[in-house]
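2 protein chains.
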Amino acid sequence: MSEKPATRLYIESDLADGAVVGLSPDHAHFLRSVLRLEPGRWVTLFNGRDGEWSARIDGIGKGWASLAVGTRLREQSASPDVWLYFAPIKRARLDFLVQKATELGVGRIQPVVTQRTIVERVKGERLSANVIEASEQCERLDLPEIGDPMRLDKALADHPADRTLVACVEFGDARPVVEVVSTLPAGAPVTLLIGPEGGFTPEERTLLETRENVRFAGLGPRILRAETAGLAALTVWQALAGDWAEAPPKRY
Amino acid sequence: MSEKPATRLYIESDLADGAVVGLSPDHAHFLRSVLRLEPGRWVTLFNGRDGEWSARIDGIGKGWASLAVGTRLREQSASPDVWLYFAPIKRARLDFLVQKATELGVGRIQPVVTQRTIVERVKGERLSANVIEASEQCERLDLPEIGDPMRLDKALADHPADRTLVACVEFGDARPVVEVVSTLPAGAPVTLLIGPEGGFTPEERTLLETRENVRFAGLGPRILRAETAGLAALTVWQALAGDWAEAPPKRY
Chain Z
1 MSEKPATRLY
11 IESDLADGAV
21 VGLSPDHAHF
31 LRSVLRLEPG
41 RWVTLFNGRD
51 GEWSARIDGI
61 GKGWASLAVG
71 TRLREQSASP
81 DVWLYFAPIK
91 RARLDFLVQK
101 ATELGVGRIQ
111 PVVTQRTIVE
121 RVKGERLSAN
131 VIEASEQCER
141 LDLPEIGDPM
151 RLDKALADHP
161 ADRTLVACVE
171 FGDARPVVEV
181 VSTLPAGAPV
191 TLLIGPEGGF
201 TPEERTLLET
211 RENVRFAGLG
221 PRILRAETAG
231 LAALTVWQAL
241 AGDWAEAPPK
251 RY
Chain E
1 MSEKPATRLY
11 IESDLADGAV
21 VGLSPDHAHF
31 LRSVLRLEPG
41 RWVTLFNGRD
51 GEWSARIDGI
61 GKGWASLAVG
71 TRLREQSASP
81 DVWLYFAPIK
91 RARLDFLVQK
101 ATELGVGRIQ
111 PVVTQRTIVE
121 RVKGERLSAN
131 VIEASEQCER
141 LDLPEIGDPM
151 RLDKALADHP
161 ADRTLVACVE
171 FGDARPVVEV
181 VSTLPAGAPV
191 TLLIGPEGGF
201 TPEERTLLET
211 RENVRFAGLG
221 PRILRAETAG
231 LAALTVWQAL
241 AGDWAEAPPK
251 RY
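Chains Z and E, in that order, are what the protein sequence lines are.
Residue 12 in full-length UniProt numbering sits at position 12 of the first sequence; the count goes up by one each step and never skips.
Residue 156 in full-length UniProt numbering sits at position 156 of the second sequence; the count goes up by one each step and never skips.
Bound conformation, chain Z alone:
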């Protein structure tokens, strides 16, 4: 095998020298019937724990595939410690947000129901599928965690007190997001909070303003849709405080 295999799969099994891995029926079908891979072909595997490994297809059939793990291509490393809390939005936009937040290296995706949130349900399975596919394709070594939707007051109560919360808002003392991110403690884990498109209520605003370790960030003079705001905040944080100082992948 001369270069890293193009096909990259997230699996749950352990990965180690000499291991043999059995794929799920879905994965087996994908390799066999969609990609038409045969024994002897190589794929890339990761599991969020053991790094990234090459693996050779030993056998493959209807609904099954057996892979012999080869060499470790990359050691395990964690995605940057940035969480995205956001008021749920409708399906297509939510799919985009989750997919792109994953590409942008988010560590945790937490739907937060506020008083002006229109959409309250979030289909966990669908989100998971999106997250896995996006993680496979963007070449990160782990999956973002996905929280079950919870109300704002509970989400805040459960939120670690020593973790900075950056609320992206259009009121009061919001400072430009670059200023807020630039003045965070170096290496500090952060949670980016995006409210519903109707905004936070005065009550919710007070809840945030009276909490320790909360900063208010503005995202410019135009109205942003919730998914745009979430991705923008994540981008600015990664670019300034996250891992975008690292060199891009050398693909060619």
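One or more of the hints may lead you astray.
All copies of an identical chain are treated as equivalent in the list; a pair is satisfied when it fits inside any one copy or across any two copies.
Derived DSBU-like pairs: lysine-lysine, alpha-carbon spacing no greater than 30 Å straight-line [unchecked claim]: (1) Lys4 <-> Lys90; (2) Lys123 <-> Lys90; (3) Lys123 <-> Lys154; (4) Lys90 <-> Lys154.
Calculated directly from the structure, the hints in this document are not laboratory data.
The hints should help you fit chain E onto chain Z, whose structure is shown.
For chain E alone, coordinates are given in the frame of chain Z:
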């Protein structure tokens, strides 16, 4: 009228004190049958030239509406001078990119066909409709221009020589995008170039590398889809060099 009207329309007619504006049948239908607005109700109008004005519905019927222009709410100002050149992508993702680039204040959207571009056609009308709707909703005072797709060599030949081109790439000397943006001349107009997902060919790379006034920027260690890359580059530029230092709109 106590607060700015929620309904905001882009029109082509001149806007001035005492003017009377006739809406297009589509706009009239939207106000009458979708929003169910009646004479006496107010909307907001902009045309990219005269700023933003309130206007009162004088008469409205099937396929027509006549508005009396009221007061100017905001003076005309231009969106920041940032262009987005990108290799075309499939429809849903293209819609997403165009909509969000508009929210992020892009000045010009230029599809650029490269050797590894898969999608070559771009439906101009559809893009225009998306751009208008996004411009209305994000409260910008102008529309981004949309260029017809053109080949990379021609796009580069036509590109103003004194305008910096920031190519977002995964090769060679790409420096982190924050570093590139931070070292641009203050206030300089810029073009962000996003290549196709298969990347630029060696030939195209040479074309870029031998050109004056080109910088190469990296967007982190994960593979980004083209629309994610475009929006991320635009976000970083706006946040650091564009108009995100301005206060967010005071909506509440």
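To see whether the hints hold, each was checked on the structure:
no.: 1; hint: Lys4 <-> Lys90; result: between (37 Å within a copy, 27 Å between copies)
no.: 2; hint: Lys123 <-> Lys90; result: both (11 Å within a copy, 26 Å between copies)
no.: 3; hint: Lys123 <-> Lys154; result: within (20 Å within a copy, 46 Å between copies)
no.: 4; hint: Lys90 <-> Lys154; result: within (22 Å within a copy, 40 Å between copies)
Checked against the numbered hints above, the structure breaks none of them.
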